[in-house]
Amino acid sequence: MNRSFCRIALLLCGCCLVTGPAAAFPPLPEALPEIPGWTVLREPVVYDASTLWEAINGAADLFVSYGVVDMHMGYYSATGGPEVRAEVYRHDSPETGFGIFSQERSPQNTHVAIGTTAVIDEGMLNILCGSYYVKLSTNTPGKSTAKELTTIGAAIVKHLAQSPVLPGMLAVLPVGGRVPNSEKYVADSYLGYGFLRRVFTARYGAPEGCEVFLIAHEDAGQASRTLDAYKKVTEPVSGIAGSGHLRVRDEHNGLVDLLLRGRMLGGVRGCPDTPLHSTLLRELQDRIDAAIR
Amino acid sequence: MNAVDRRSFLKTSALGAAGALLTGSVSAQEQGKTPKKTLLRRTLGKTGLQLPVVSMGVMRADNPGLVRAALAAGMVHLDTAHGYQEGKNEEMLGEVLKAYPRESFVIASKVQSEGGGGTAAVQQWLAKVDMSLRRLQMDHVDILYLHSIKSRSDALAPAMLEALRLARESGRARFVGLSTHKNEPEVIDAAIESGVYEVVLTAVNFKQDHYPEVHNAIGRAVKAGIGIVGMKTMAGGFFDKAKKRPVNCKAALKFVLQDENVCTTIPGITSFDQLAENASVNEDLTMSEEEKASLVSGRLEGGLYCQGCEHCVPGCPKGLPIPDMMRAYMYTYGYRDLALAQSVFRTLGIPGNPCDGCSSCGAECAKGFDVAERIADVSRISAIPAEFLS
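Residue numbers (the numbering used here), protein chains in the order written: chain C, 1 to 293; chain H, 294 to 683.
Note that these hints are calculated values from the structure, not bench results. Each hint should be verified, as a subset may be incorrect.
Claimed, not checked - Heads up, simulated SDA-like pairs for lysine to any residue below, C-alpha to C-alpha not over 25 Å straight-line: (1) 339(H) <-> 451(H); (2) 443(H) <-> 73(C); (3) 147(C) <-> 162(C); (4) 381(H) <-> 180(C); (5) 381(H) <-> 140(C); (6) 381(H) <-> 85(C); (7) 391(H) <-> 251(C); (8) 475(H) <-> 502(H); (9) 391(H) <-> 431(H); (10) 391(H) <-> 343(H).
Extracted from the complex, chain H is given alone in its bound form (with noise of 0.2 Å):
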């Protein structure tokens, strides 16, 4: 976007700075007009709250700017976490918050569990809760998640339900939920068998193999009631470790929410061009074709990196560690770091090519990598003596 058209956005969207949600903020008491544009909203499951499809995630922002312009923009809600620079990013939010009526946005945030049970684990977390609270000056969050659950036995933990049920009795939370990028669909049918979960934050993108379970359990869950937020809807922003292959974020997020179930997502954003692009989304989720074609095309590119799903293990007849020698492919090729390639070989205790002997492979990668081709290839570094490489 061209400074002219980011300009040219930001004053246009100070103006629609008004959202159904944002009655008598600041944002709209200042610019005291009617709103020019229409966000496309929808609603976060039982919690009834309207939110715009695309909302902010504050993570890496440090810039109060930014976000005055996001809540300008209609992206009235922001994500954060107790973790996100070691306190920092909630402590920002918190500055820059103050100065809103506080039923202008709505403010989620996340904390991990540090494990264990009883009672002892409910007051640590709450504990953590309390921590964050002050840093954003609030008496509560809107939306309090359980951070980073990868399993079914985490998210139904006792201590975890019974930590959430307090935040939200005690008035710490207006409601609470989970967030999960592992394993997400048994996760996200743990949240809707717990029966305490309202909300979920859950990865998924375009590029996740297992995308259609996910979107079978994100279907589940909003029947169930439990609104759902994506997130990693960008897929780490880039096809290739290098950078050189950019996802288009419009396409991206766009994929994502044409499952209307996907009640908003929370990119990260930290400039004002990524906001404008962004927030354009909010007007518009119809895909061209074009875009459609940039996501399938990079998705089957495929890159040096190694997922690790283990998809190819169960065809090599040696039982060789692919993955880790894959490890070490990234390294050599991506990081372009011999020692570290080297010593995870040696780490192995694979000496040459342990392919040497099989007349074809059996090993199948769910990515399409040519597997024989590159153990035979990366393979060679156990030749090199270490000190060539150190």
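Chain C with its partners taken away, still in its complex shape (with noise of 0.2 Å):
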């Protein structure tokens, strides 16, 4: 009976069946929830994609290009406490949630066990929590506010009920000498190329040093054209028939070597004959070869 109904109210309601589930996400108003010694200031107030802008003004567009639902935004205060403005960001998925919270931490700044992860800084907290982004930032001066942001923090997270789990992508990445913090997923024109998109890369040796990068495609075909497009905007300098390594120059991002590998498309950049530059692109070759058998 249960699933005949469910079914019923679906159809009544005339909505396509989505791919994969939405998260969940608490019922409003209660998505910041209540914290022992902390009051919530104003009522928290929820945007969607088409209002973020009210909130955080341009900042919106990168949002909503990392497929942002919605955000839920209140003030919490405690006595003789700061001010600590909380911000909770629900993407469409954890790839997309880790993808804005990538775009917004720096190397610079300092890991926090919260969450899947989180990084602190003066006046500000960071946490991704599966598919959620929260951000909690205080201007109240003259506190040191890291132990009362922490606070929020992880109750929010305990809130939000979420498995601690990061991309899996990020894993086929190479290890060693990858730079704490630098590990991103570009939602789409990496590079400025408008089909090089949902991309996983990490820096090594340095924060502005060997750039790797990493694309998924649903097959190998699909791999193929997309490499077919970026030789020809690029030009060829070298490559290995049959061996999958190209590699190119790009007159906007210097020399790029690229792995075609199954439906895996990799590459390194930022660092060209460098001994790092070939220890990565094999470790590369290695790790997506490890990941597709």
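With the hints as a guide, dock the two chains, each given alone in a separate frame, to form the complex.
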């Protein structure tokens, strides 16, 4: 009876079934939890993708490009403590949640063990929590706020009850020499090309050093078409026939080494002809092969 | 644009890198050639700045190569903000622009007030300006906006007017302005009234219901010597949430620029193809019949999304919270999130179809939605047990 009723209900509403479940979200207006010792100063406000600009202005465009569904915003205060602004962004997948988190953190930030991962800096704490991106900030001057921010952050993370797992593609990127907090997910237009989408990247050696990137496609044909599109806007430098290895000269991004392995297209850029470059290329190939085996 | 077109654009635009403003720029020096194409430029009010009609909104770009290509294409006016990417947007720009002569580009940034008044508010705002300058590795910006002003009172807040004066007098900014994307006509008139603002960055696009009011306010501002920069020109880039119906971006840009009072626009650019497309508008503002038609037809189709204008509310004899119910409709059909839609209905405390008993509907939607039909449709969600939707 339950299944039938549910189907009928869905038909009544005329909804298309989505591919993959949307992340559950606490009902309004309880997305921001009660926290012992803290008061929610004002009624939390909910913004969706079409109204997010009212809260964060032009920065909303980036969030929309990373699949933001909605954002709950409120303010916490405690006697003698700072006023803390809490923004809870729900994104449409753990990848896009990680993507926006990665766009806003910096390798200079300090990692803290909250949620899936988090970074803290003066007056701010940014947390990735499954598909959610939580931003806590305070402008209250003269106070050391790290403890307060982490207290609130931990409470929100507990309330959201998400699985603390990073996107699996990050595990395919080389490990040795990776700059902490440098991993990114770029939703579209990686390197400035609209066809390079859903790209995982990380830096190696130094924050502005070698960059490794990786795109997982649906199938090998799609990966090959992406490579063909990139080849059209670059000039070939060298390649080993049948090896899946190609070096191109990109007039805007320099020399780029590409690896096509099945449905995976990866590459290394930013440090051509250095020992680190060669090491990364080898390790990337090994890890891709292990992943698709 | 295909790859060959794009590539030839990039090469041609590199040749045409040196605009009038780019005297002695890196691009011009590197190329050492005469520009082949004439970029359309307009004067930004009393600032006297001559800017190309299409500039670069940098807010979503994290690729230094894209900024360099924009400069090479003559898009010498770059727009960023203190808050974009937690400051990393300004940092990226600073790294790129340190290789260029300072006079070869025009940089604009925006800093939002934290509210409050008095000396503390002034100092807090200026501290954020200083942080932006450090990130940009510059001692001044060309245009400094008070960010996201939504009302006359915010535009005329004494502390912020004082902060803007200090920013200009101390050399942190050559010119000061405000940005607005809500109640634009009211805010623009306040900018005129203040006598302080030299530039207004305003939302303006073909989809605005109040476009005539925005257009008229822009005219008044220009008469008062204020320079106008247009933003949100693409109106979100799509006509629908599912992003199946893209806005014709060239047409949208040209529409805004038909008003010669708009000096320049700052569309966000994230790819070389977008850059090439937008740059082509810098050479020709003529709108084809096809471009005009694309904007009209797209706008008439309306879509799923209630704008929350409350035009409908007075017409409902039951005083229903129609915008909230339209939000639930959007959650249901746009986001396919039935639980969220139901939670909206529960919060509103509306059981069943609240329109039952009405023989006709007086709630008229400014976007042309059939309000009664949508309420009847989506209200059925309140009858579904919550456990089936979780």
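Against the structure, the hints:
| no. | hint | verdict |
| --- | --- | --- |
| 1 | 339(H) <-> 451(H) | 23 Å, holds |
| 2 | 443(H) <-> 73(C) | 19 Å, holds |
| 3 | 147(C) <-> 162(C) | 22 Å, holds |
| 4 | 381(H) <-> 180(C) | 17 Å, holds |
| 5 | 381(H) <-> 140(C) | 22 Å, holds |
| 6 | 381(H) <-> 85(C) | 20 Å, holds |
| 7 | 391(H) <-> 251(C) | 20 Å, holds |
| 8 | 475(H) <-> 502(H) | 12 Å, holds |
| 9 | 391(H) <-> 431(H) | 8 Å, holds |
| 10 | 391(H) <-> 343(H) | 22 Å, holds |
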